[in-house]
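2 protein chains.
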Amino acid sequence: MTLPPVPPTDLNLPQRTLLGPGPSNVHPRVLRAMSLPCIGHLDPAFLEVMNGTIDLLRYVFQTENRLVMPVSGTGSAGMEAALVNFIEPGDTVIVGVSGLFGERMADIVGRAGGRLVRVDAPWGEPLDPDEVATALAAHPGAKALTVVHAETSTGVLQPLEPLARLAREHGCLFIVDTVTSLAGVPVKVDEWGLDVVYSGTQKCLSCPPGLAPLTAGERAVEVLKARKTKVQSWYLDLPMLVSYWGTERFYHHTAPVNMVFALYEALRLIAEEGLEARFARHRVNGEALLAGVRAMGLEPFAREGYRVPMLLSVKVPDGVNDLEVRKDLLGRANVEIGGGLGPTKGRIWRIGLLGHSAQRENVLLVLAALEAALGRQGFKAGPGAGLAAAEAVYRAEMATAPPAGASGPKAGGR
Amino acid sequence: MTLPPVPPTDLNLPQRTLLGPGPSNVHPRVLRAMSLPCIGHLDPAFLEVMNGTIDLLRYVFQTENRLVMPVSGTGSAGMEAALVNFIEPGDTVIVGVSGLFGERMADIVGRAGGRLVRVDAPWGEPLDPDEVATALAAHPGAKALTVVHAETSTGVLQPLEPLARLAREHGCLFIVDTVTSLAGVPVKVDEWGLDVVYSGTQKCLSCPPGLAPLTAGERAVEVLKARKTKVQSWYLDLPMLVSYWGTERFYHHTAPVNMVFALYEALRLIAEEGLEARFARHRVNGEALLAGVRAMGLEPFAREGYRVPMLLSVKVPDGVNDLEVRKDLLGRANVEIGGGLGPTKGRIWRIGLLGHSAQRENVLLVLAALEAALGRQGFKAGPGAGLAAAEAVYRAEMATAPPAGASGPKAGGR
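Going down the list, the protein sequences come from chains P and V.
The first sequence runs 1 to 414 under my numbering.
The second sequence runs 415 to 828 under my numbering.
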């Protein structure tokens with residue numbers, strides 16, 4: 001038994017400004033909470049942290065649902081949990097597909113033995129509610145309608161209320177992916193009537209990846225109780241998970257204790273800032289970024305009126321090499337932005353201002369670094385035009401904003 | 415939208431000595447690595463950390479397998495991944511069940527559509543290889559034989575080599591749970607011929623819970639390639655995970671980046687100490703603990719000759735209340751030990767000396783605290799008898815041990 005070459009004494013990582021589609025920058029308070037000494041997953045002190053985490057998640061999901069918990073995996077584990085628990089073999093499921101994450105939902109529905117009915121929209125466009133209505137009418141008795149709120153692959157924000165009403169009218173569950181939207185734009189679980197909603201920690205919650213907050217309302221819980229078959233996944237079996245996260249505290253699996261510490265702290269930061277202030281911060285910084293890239297001569301990809309405020313998809317200009325620009329940003333400015341996926345690979349960039357990353361200094365940095373990188377590719381953005389346009393947005397905002405401290409909870413250390 | 419009552423300013427957690435069946439104490443270097451600023455899951459710097467992690471996992475698994483990775487979930491996610499990827503509906507799977515984690519495997523085999531054949535042993539006993547041989551002979555064409563190496567619920571260590579030979583003779587895969595054993599006792603994946611092996615990070619690897627290292631050999635990879643059906647889980651789909659962790663770096667899901675930092679550092683500590691020294695440390699401390707509890711008049715639960723050296727199951731004496739003793743240890747000494755599960759609930763304790771927890775000071779602490787707690791329950795252990803017996807083991811070990819630094823890699827900061 002020979003020793004492997006032991007890697008160097010210490011992890012020596014670059015410090016990045018994370019402006020891709022996630023993970024986002026993590027607040028130092030969250031990193032500090034995560035590195036507290038581990039305690040047992042059934043320790044009374046940990047059960048208190050679990051309770052606090054659930055309370056705070058209810059606030060962020062804007063729900064009174066009893067069933068609220070972080071699933072012990074990344075956002076995709078949340079997606080799988082949200083689907084396999086509510087679908088039984090043979091159930092018809094209508095899946096809205098307008099990007100990669102809708103495709104992923106469709107894939108999982110098939111693996112769960114569901115009868116898949118797709119409603120497609122081109123990448124960059126939202127789903128058409130009329131087409132969803134047609135699909136629902138054509139498949140009476142469908143078990144669920146599933147959509148992605150903020151399609152991370154395209155930057156499109158799907159309005160949820162019309163679809164929630166349709167699902168309710170047709171008596172089927174409405175299952176929604178809010179991986180990129182939660183805590184960045186409103187997700188009103190109760191008011192809008194969303195039955196099953198999941199997210200991921202590494203986007204607008206600004207916690208490292210590793211947990212998937214999930215909530216389900218009473219209609220969904222009834223469906224769960226009425227299942228005739230076992231949930232295909234033991235690890236993601238919601239009734240068993242509820243026994244652990246709920247009042248019974250029945251051992252299921254060992255929760256990722258330190259990740260829960262991190263999530264708890266990330267959620268506290270959100271509560272301190274207040275959701276409305278947080279949404280406004282995402283909106284303003286997103287507007288400044290959009291104004292900046294437009295002034296540089298770039299075009300947004302997602303359709304106007306349906307753009308995720310804090311995840312800008314922008315077309316790679318003709319003659320510019322996607323990968324070279326991203327390498328330039330990373331190598332010369334330590335700025336990460338995202339590229340396209342699937343059909344948009346090489347064709348778009350995705351610039352995220354998620355959670356703690358949504359800061360004026362980051363907008364200025366990415367615009368300045370992008371202008372330089374594009375220049376090296378022979379693309380001439382008007383010098384300083386992007387920065388000037390972004391600044392104009394901030395100035396206009398300052399002119400209309402109420403005086404600091406005039407309303408709402410304080411901005412909590414930001 | 416009203417704010418929830420914001421929890422107190424900071425997480426204020428007790429500092430525990432973790433001597434249950436996991437999680438174990440985490441080395442400060444691991445906590446520090448975990449709290450490094452997050453970077454992107456496709457960042458070249460993160461890909462290097464992934465490569466280093468895989469190299470180090472190969473060392474710990476004692477394997478040259480190409481397929482080695484941490485699954486993005488806790489040990490139970492590793493179990494599910496190890497089963498659902500290799501089982502297709504209708505496959506016969508022989509499951510050794512001698513405790514809770516064997517039961518869990520049997521449950522998952524059923525959910526995956528496998529035809530379950532159980533070989534049972536009473537809790538506290540190992541499986542009988544003859545009974546396994548009989549089951550294999552009675553079910554020619556069985557797809558897999560699965561067992562738990564160190565049954566966390568009973569403290570029994572199952573010898574693997576005879577079963578590996580049987581599986582090979584009958585042409586079926588041998589799938590092994592090493593959640594509690596890996597890095598505490600030898601797990602020789604290649605030498606013993608183990609086809610699929612998974613573990614968890616929060617036991618002898620002494621990393622917080624959240625990842626499940628997994629490896630599969632060539633025979634297993636062939637089975638994977640020959641699948642006729644999709645893997646039922648998208649999140650745990652090994653061929654897709656291999657594309658991300660392997661050379662292609664094809665995006666699958668967002669890896670729990672900071673958890674990987676932590677695992678990398680935990681594995682480096684193991685490589686610095688050296689596996690043989692680490693096994694010896696677990697053995698000596700385990701012997702000292704066993705001698706101590708015996709001298710106090712307590713009896714081990716698992717059968718002699720088949721005990722996990724670093725997880726002692728011990729019977730709760732007549733007239734002593736299990737829960738009161740554990741509360742006493744936790745409340746008065748900040749020491750966590752485990753209780754029984756299922757049929758042994760209230761009947762046994764499980765005292766773990768896993769990974770970084772396997773230290774002389776922890777053995778002395780738990781014996782002293784246990785003597786006091788038992789005394790408050792009216793159980794009279796000879797005063798100081800446990801400590802004296804443990805000390806005798808350490809003295810004997812010192813007398814026979816080679817002088818420090820005489821052989822093997824250094825003990826790496828312990």
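Do not take every clue at face value.
In the SDA-like style, the derived pairs of lysine to any residue whose C-alpha atoms are separated by at most 25 Å in a straight line are [stated by the list, open to error]: (1) P:230 to V:641; (2) V:639 to V:600; (3) P:225 to V:524; (4) P:230 to V:760; (5) V:644 to P:334; (6) V:639 to P:107; (7) P:327 to V:451; (8) V:741 to P:347; (9) P:228 to V:527; (10) P:230 to V:532; (11) V:644 to P:44; (12) V:741 to P:250; (13) P:327 to V:456; (14) P:380 to P:322; (15) V:759 to P:107; (16) P:327 to V:466; (17) V:741 to P:222; (18) V:759 to P:44; (19) V:741 to V:514; (20) P:230 to V:643; (21) V:642 to P:90; (22) V:759 to P:244; (23) P:315 to V:664; (24) V:642 to P:107; (25) P:327 to V:662; (26) P:327 to V:664; (27) P:315 to V:458; (28) V:759 to P:50; (29) V:759 to P:343; (30) P:345 to V:651.
Chain P regions said to be covered by chain V (calculated; three or more residues, Cβ under 8 Å) [to be verified]: (31) 220–233; (32) 371–384.
If you're looking for bench data, these hints aren't it; they were derived computationally from the structure.
All values reported here derive from a predicted model rather than from experimental measurement.
Ideal Cβ placement from N, Cα and C applies to all residues, glycine included.
Comparing the hints with the structure gives:
1. P:230 to V:641: holds (23 Å)
2. V:639 to V:600: violated (29 Å)
3. P:225 to V:524: Given that 25 Å is the threshold and the Cα spacing comes to 20 Å, the pair holds.
4. P:230 to V:760: Violated, because 29 Å separates the two Cα atoms, which is more than 25 Å.
5. V:644 to P:334: Since the Cα atoms of residue 644 of chain V and residue 334 of chain P sit roughly 39 Å apart, the hinted pair is violated (cutoff 25 Å).
6. V:639 to P:107: holds (19 Å)
7. P:327 to V:451: With a Cα-Cα distance of about 20 Å, the restraint between residue 327 of chain P and residue 451 of chain V holds, given a limit of 25 Å.
8. V:741 to P:347: violated (60 Å)
9. P:228 to V:527: The hint holds at about 15 Å.
10. P:230 to V:532: The hint holds at about 19 Å.
11. V:644 to P:44: violated (41 Å)
12. V:741 to P:250: holds (18 Å)
13. P:327 to V:456: holds (12 Å)
14. P:380 to P:322: Answer holds: residue 380 of chain P to residue 322 of chain P is near 16 Å, not above 25 Å.
15. V:759 to P:107: With Cα atoms ~41 Å apart, residue 759 of chain V and residue 107 of chain P exceed 25 Å; violated.
16. P:327 to V:466: holds (23 Å)
17. V:741 to P:222: violated (37 Å)
18. V:759 to P:44: holds (18 Å)
19. V:741 to V:514: Between residue 741 of chain V and residue 514 of chain V the Cα gap is close to 23 Å, so the pair holds against 25 Å.
20. P:230 to V:643: Holds, at about 20 Å.
21. V:642 to P:90: holds (20 Å)
22. V:759 to P:244: Holds, at roughly 17 Å.
23. P:315 to V:664: It holds: about 22 Å lies between the C-alpha atoms, which stays within 25 Å.
24. V:642 to P:107: holds (16 Å)
25. P:327 to V:662: Holds: residue 327 of chain P and residue 662 of chain V sit about 18 Å apart, inside 25 Å.
26. P:327 to V:664: Holds. Residue 327 of chain P to residue 664 of chain V sits at ~18 Å (cutoff 25 Å).
27. P:315 to V:458: holds (24 Å)
28. V:759 to P:50: holds (24 Å)
29. V:759 to P:343: violated (55 Å)
30. P:345 to V:651: OK: residue 345 of chain P and residue 651 of chain V at ~23 Å, within 25 Å.
31. 220–233: Since 4 is at least three, the answer is holds.
32. 371–384: violated (count 0)
Consistency with the previously given hints fails for numbers 2, 4, 5, 8, 11, 15, 17, 29, 32, ordered from lowest to highest.
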